[in-house]
Amino acid sequence: MYVTDKILPELAAPSNSKGIVHWFRVNLFNGPFNTIFTLLAAYVLYKVLPPAIEWAFIDATWFAETSSECKLENGDRKDGACWAFITNRFDQTMYGFYPEAERWRPNLAGIMLVLLTIPLFFEKMPKKQWLGGFILLVFPFIAYFLIRGGSFGLSIVDTGKWGGLMLTLIISLVGILFALFFGTILALGRRSNMPIVKSLSVVFIEFWRGVPLITVLFMSSVMLPLFLPEGTTFDKLARAMIGIILFQSAYVAEVVRGGLQAIPKGQYEAAAAMGLSYWKSMFLIILPQAMKLVIPGLVNTFIALFKDTTLVLIIGLFDLLAIIENVLGADNAWLGFHTEGLVFAAFVFWLFCFSMSRYSMALERKLDTGHRN
Amino acid sequence: MSDPRHNSSELPSKPPIWNDPKYRAMFFQILLVSALAYFFYTIVQNTLDNMTARGVSTGFGFMSEPAGFDILQTLIPFDSTYSFGRSFLVGVLNTLLVTGLGIIFATLLGFIIGVARLSNNWLISKIATVYIETFRNIPLLIQIIFWYSLIVGSLPAVRNSFSLFDSFFLNQRGINIPSPIYESGFIYTGIAIIIGIIGSFVLKWWARKRQEATGQQFPVFLSILCLIILLPLLVFFITGSPITWDVPKLGRFNLQGGATVIPELVGLLIALTIYTAAFIAEIVRSGIKAVSHGQSEAALSVGLTPGQNLRLVVIPQALRVIIPPLTSQYLNLFKNSSLAAAIGYPDLVAVFMGTTLNQTGQAVEIVAVTMAVYLLVSLLISMFMNWYNARMSLVER
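Those sequence lines, one after another, are chains F and V.
First residue of the first sequence: 476, per our numbering; consecutive thereafter.
First residue of the second sequence: 22, per our numbering; consecutive thereafter.
The hints are simulated quantities; they were obtained by calculation from the structure and are not laboratory data.
Ideal Cβ placement from N, Cα and C applies to all residues, glycine included.
Each hint should be verified, as a subset may be incorrect.
Claimed, not checked - Computed footprint of chain V on chain F; a stretch qualifies when at least three of its residues, placed anywhere within it, have a C-beta under 8 Å from a C-beta of chain V: (1) 513 to 519; (2) 700 to 709.
Unchecked claim - Derived contacts from chain V toward chain F, CB cut-off under 8 Å, selection only: (3) MET72; (4) VAL151; (5) GLU154; (6) VAL241.
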């Protein structure tokens, strides 16, 4: 009989249940099907990834003065990507036709916006609502006067000259700003007790949600001039903006309505019992709670809007995609580098959308208090 | 017992009329309606003035005038002598075609990717994740232009077409496939298909009755497969294969015969499928994850086989979560198909809001009709969704 009064040391795990081999076994080769799938996937990756990396990085021409540097002697293009197509006129993809000497103005507005927004991400920042209010209500005017000019000694830069990533950002930011305002009003209207207000809101929301954005843009570019008294002219950008705002308000309204519905009835009743008027109970009690709930949804709506801004290409505005497609792509000296342009545009949009969606997911986790209603 | 507080004479008098919520609401709504009425009146007045000033006619008379343009792809006979009304119909049909095909492909791909993302195979699930995060974060318009230009730019000219069995050809102008020519005997096969479908319903009904009565199961799925596929095939061969194929032939400059799938359709379809599948995959994943593991454990412990567990327990519950967002993805696909205009696929927007609007200049009518088509389909689908939700929602206690 074997007796010991000491605790024996732990044995090491069996060699087949630890380490990299074990990981491979469990995650890649557990069973015949998975083995086949793994091998297939690995083969596809092997076929796709190295050539793609070679094309995009190793064989690529990053900077070149003329397109001939991207081509072989016989005029065929080299195997690798020709990023010089973009880098050569990078400024234009960012600013469109905005005059070079004035580009500090949109830059300044952009830097201001970033500096103003950064403090909002800090939890402990005091007086957040004042800063937020400043960004939403005052900053847009500052940005407008900076970018368009016309006063304080700044020369006017016509909206026709705006373009590139700058225009994409302007359209989506202005769009979401107004849509937030109108959307909230519509959401309140849809939840109102007044039958006419309610049904008008429903009709408005369902109408814009039921038609594609491209028809809305067509409508605002073709029909708006007809709606106005003769002789009134409207900037092309403003017309597109009106269409986008109408369209986006409906989507924002539905997101905000979700938040309003998630607020327990007791909150409404408590507000009424305190003797608050409708607007006071909404602005002091309901909306602050509801808006916090819907921030992730609003970020998702903003992502959709951001992607949709590419459609302004169809009505002749020069956003990032349109600059690449119709300005850079139409340049005779650089014909044949269409793919590079599209890949670059896709990458820029992907970068913005992906980081926003990650942010929205993180926010969702943070705001999720774990209990439903 | 006369408590002064219960004395009715001391109740506060009725509030003045301007403080009564009922009258306030009424006043506010009347104000809103009259403001809207004035707004619309001004718009209509301005529009009419502008139209007369520009010499544009109004009304839908143009719909019966000859169109005077050709359309790249038509599902019904069309040439420039047909009317604008007919071109409208061609556009609607082309939109529905790309939507229908897109829905089928996107659903298939989306389900595969969604299941792959849940796979316990690390490589497969990572590939699915990368797919989803890449394609849903790139604007659809970029994807459409990308695939279209890839097709047009990298495929060979007609003379050097890729060919498969000498009957399928792939080139810059699209895909050429053999088209079927039905002979008179084909009608029997058609009848057999209809009988097969009706028979399947009857069989399913009978099998359920029998199972309820006796507890015995009947191999319904296999028998239905036989009824729908084998029966028509049998009839098809008995009647002597009454179908011939019009196979495209490579001439000197062109392909003759067969049917052509234009590259615009292919490019649009690839982009719509890839983009929408990324969203559908996420929906499928969340639907499957929503069915708690306890359900499967319970099903297996009462003796269901893994297949039955999947078919009778997991999938019905997952579908309840999947179908509402799936329908709205279908709706998005339908609306997104309007981006066809960017690459010249002749859908409703391209044909009607593009070409027809340019030719007639009747913006108001054309924009209104186009929007009405999209709105109608959207409303129909959301009505279906509400009906489905009401039918399927869990009734708890």
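Now the hints, each set against the structure:
1. 513 to 519: Holds, because 3 residues of the stretch 513 to 519 of chain F bring their Cβ atoms closer than 8 Å to Cβ atoms of chain V.
2. 700 to 709: holds (count 6)
3. MET72: holds, 7 Å
4. VAL151: violated, 10 Å
5. GLU154: holds, 6 Å
6. VAL241: Given a least distance of 27 Å, the restraint on VAL241/V is violated.
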